[in-house]
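> Residue numbers (the working numbering), protein chains in the order written: chain R, 14 to 259; chain V, 160 to 458.
Worth flagging that the hints you see were computed from the coordinates, not collected in a lab.
A portion of the hints provided could be inaccurate.
[As the list claims (entries may be wrong)] Partial selection, computed: residues in chain R whose CB lies under 10 Å from chain V:
id, residue
1, Val26
2, Ser44
3, Val47
4, Ser95
5, His175
[What the hints assert, rightly or not] So these bits of chain R aren't anywhere near chain V, every CB distance computed over 10 Å:
id, residue
6, Arg23
7, Phe60
8, Glu71
9, Met107
10, Asn111
11, Leu129
12, Phe209
The beta-carbon is built from N, C-alpha and C at its ideal position, and this holds for glycine as well.
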Amino acid sequence: MRLVGLAERRLPVRWLDEIVHFVVQTRLLFSRFVLLLLAAMFALFSFATVKEQTFKEENAFGFLLLQTIGLAVILHMGLWESEREERTFEFLVMRVPNVHSLIWFKLRVSLIWTVLLLVPFFLGFVWFVSIPFGHALLFLLFCSTHAVFFSLFTCIVASFVHRALPTGIIVVIATSIYAGFSENALLPYKDYYRTFLYPFSEAYSSWSTFDWVWLIVVNRLVEVVEALGFYAWFARRLSKTEKWIG
Amino acid sequence: MGLSIRNLCKTYQDGNEAVVDFNWEIERGVYGLLGPNGAGKSTLLEILSLNLMPTSGTVLWEGWDIQKRPTAFRRVLGYLPQAYGFYPELTARQMLDYLGRLHGLRGRRLRKRMADVFEILNMTEVRNRKIKTFSGGTRQRLAIAQALLHEPQLLVIDEPTTGLDPSERVSFRNLLFDLGKSCVVLLSTHIVKDVEFTCHEMTLLYGGAQRYTGHPVSFVKRVEGRVFEKEVEVADFEAYSRERCVIAIQEKPDGIVVRHVVRPGEGDSESGDPVRANLEDAYVDFVGERQEEEPVAAA
Numbered sequence: 014m015r016l017v018g019l020a021e022r023r024l025p026v027r028w029l030d031e032i033v034h035f036v037v038q039t040r041l042l043f044s045r046f047v048l049l050l051l052a053a054m055f056a057l058f059s060f061a062t063v064k065e066q067t068f069k070e071e072n073a074f075g076f077l078l079l080q081t082i083g084l085a086v087i088l089h090m091g092l093w094e095s096e097r098e099e100r101t102f103e104f105l106v107m108r109v110p111n112v113h114s115l116i117w118f119k120l121r122v123s124l125i126w127t128v129l130l131l132v133p134f135f136l137g138f139v140w141f142v143s144i145p146f147g148h149a150l151l152f153l154l155f156c157s158t159h160a161v162f163f164s165l166f167t168c169i170v171a172s173f174v175h176r177a178l179p180t181g182i183i184v185v186i187a188t189s190i191y192a193g194f195s196e197n198a199l200l201p202y203k204d205y206y207r208t209f210l211y212p213f214s215e216a217y218s219s220w221s222t223f224d225w226v227w228l229i230v231v232n233r234l235v236e237v238v239e240a241l242g243f244y245a246w247f248a249r250r251l252s253k254t255e256k257w258i259g
Numbered sequence: 160m161g162l163s164i165r166n167l168c169k170t171y172q173d174g175n176e177a178v179v180d181f182n183w184e185i186e187r188g189v190y191g192l193l194g195p196n197g198a199g200k201s202t203l204l205e206i207l208s209l210n211l212m213p214t215s216g217t218v219l220w221e222g223w224d225i226q227k228r229p230t231a232f233r234r235v236l237g238y239l240p241q242a243y244g245f246y247p248e249l250t251a252r253q254m255l256d257y258l259g260r261l262h263g264l265r266g267r268r269l270r271k272r273m274a275d276v277f278e279i280l281n282m283t284e285v286r287n288r289k290i291k292t293f294s295g296g297t298r299q300r301l302a303i304a305q306a307l308l309h310e311p312q313l314l315v316i317d318e319p320t321t322g323l324d325p326s327e328r329v330s331f332r333n334l335l336f337d338l339g340k341s342c343v344v345l346l347s348t349h350i351v352k353d354v355e356f357t358c359h360e361m362t363l364l365y366g367g368a369q370r371y372t373g374h375p376v377s378f379v380k381r382v383e384g385r386v387f388e389k390e391v392e393v394a395d396f397e398a399y400s401r402e403r404c405v406i407a408i409q410e411k412p413d414g415i416v417v418r419h420v421v422r423p424g425e426g427d428s429e430s431g432d433p434v435r436a437n438l439e440d441a442y443v444d445f446v447g448e449r450q451e452e453e454p455v456a457a458a
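Same shape as in the complex, but just chain R (with noise of 0.2 Å):
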């Protein structure tokens, strides 16, 4: 109590409220659940890199794409879950004056979290890539596009399903099959709206050729485009709050 007297002295207002915040989210967030999850994960990527040597420059992209939806998808799929099962959400929307506000007051810990994660494969990748450390900081923020996308994907089926385990694998199995058709069907144009494999490791080595950085650019647009449509369906999903309360 003494140390918050004293922040909150010292403190603006607004950014000590945005602390409690986040520590009462982050104490939400990482559930024994989702630590055992990440840990697995951590150990999966360090075994793959050290014992098995997968993680080598042409598979680098690839992966840090991968790691990123992992964790969007982990750090998501039991976000409402608390909203729902515990019903704190009528608590919640009492005091928060609209859908938007209510999105953004859960999503942004677990976003800030997701990109605070993903540093360390971020570090990863940098080891084992010969780019510059400019164009690899350039496909983090490329990257960070797949997790907002997927972040917002694994809450529109957690407004369906109220558990995190079964969210998770509908989100994981949703997207393999998502993964395995747009990857291997022969759509024309696919570079420009491919959501796996966007080919910034083919970019990278003809960087200044303006083609490269279109095509680049437009196959992000096109996914925050989708990501977008993703927030408008769950804010329309929770706008009809009889939906979630039932």
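Put chain V on the given structure of chain R with help from the hints.
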């Protein structure tokens, strides 16, 4: 300071008419919403707390539409839903601090309000314990605390005394009575005594429709002179109770005292001793009558 509910209807997607043409004008004081399970009470309260959209009708607070100014309305509203939850890993103090901040309370004011509500609800001793260790009654008190934290002008509470022990229930009724002096309290319950002891006006919902609105004492008049108590043998009890609208029974060493309501004009020496009617007698008699007349609504 007043709430005006006008022609409110709510029909769910499956066609269930949960609230039908509900009208009520309420001002400062404690108001009771009484009805059996499934009568539409919780739906009405969900609409008042902006968690559900009505199919038609309006709700006005001090003359303005709450659906059009939800943020302003939430500032004056304290809501205790029937089903709710807390983050089990937090302590009561952390939970209230968090909810208070979300409501815009900060610094000394937040700490003072938290201390006040913990004191009022007798939770000072347990404020630093994790919520997952709380009993049902303590969780209920914390839920009441969160509704009172920001000093609301309108308090909407759904089944507040569920899970409270008898002494907590009495002190909560007293608290409601005190709150009614300074704000509008809308209490929804199927515990008739809560309404009888705290409310100066009630409305009775049945099958989504408003069946009575007025002072509880006026409602009791419908059964005045028709409530009796009779002591019967244990062996005769089943046959006796089958033919009558039984309100309560009390076991005695040499038999069972049955409190029952008779139909108008049917009271005789067989009925037992006439006793003073209360709201529970009137309510049970009313619901029994409706169930006979409208079995579909009762189902």
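> Confirm or reject: Met107(R) is not an interface residue toward chain V, with every Cβ-Cβ distance exceeding 10 Å.
At roughly 5 Å from the nearest Cβ of chain V, Met107(R) sits no farther out than 10 Å, so the non-interface label is violated.
> Does the nearest C-beta of chain V fall within a distance shorter than 10 Å of the C-beta of His175(R)?
Since chain V brings no Cβ nearer than about 13 Å to His175(R), farther than 10 Å, the hint is violated.
> Are Val47(R) and chain V close enough, Cβ to Cβ, to be under 10 Å, as the hint says?
The hint is violated - Val47(R) has no Cβ within 10 Å of chain V, the shortest such distance being about 13 Å.
> For Leu129(R), is the shortest beta carbon distance to chain V beyond 10 Å?
21 Å, holds
> Determine whether the non-interface label on Phe209(R) survives the test: each CB of chain V must be over 10 Å from its CB.
36 Å, holds
> Just checking, Arg23(R) versus chain V, shortest CB gap more than 10 Å?
12 Å, holds
> Would you check whether the claim that Glu71(R) is not at the interface survives, using Cβ distances to chain V and the 10 Å cut-off?
The claim holds: Glu71(R) sits with its nearest Cβ about 44 Å from chain V, beyond 10 Å.
> Does Phe60(R) sit more than 10 Å from chain V, CB to CB?
With a cut-off of 10 Å, Phe60(R) remains clear of chain V, as the shortest Cβ separation is near 32 Å.
> Would the non-interface assignment of Asn111(R) survive a Cβ cutoff of 10 Å against chain V?
8 Å, violated
> The hint names Ser44(R) as touching chain V; please verify it with the least Cβ-Cβ distance against 10 Å.
Status holds, d = 9 Å.
> Given Val26(R) as an interface hint, is its Cβ closer than 10 Å to any Cβ of chain V?
5 Å, holds
> Do the numbers back the hint for Ser95(R), that is, is its least Cβ distance to chain V under 10 Å?
Cβ of Ser95(R) sits 6 Å from chain V, so the hint holds.
The structure does not agree with the numbered hints 3, 5, 9, 10 stated previously, though it agrees with the rest.
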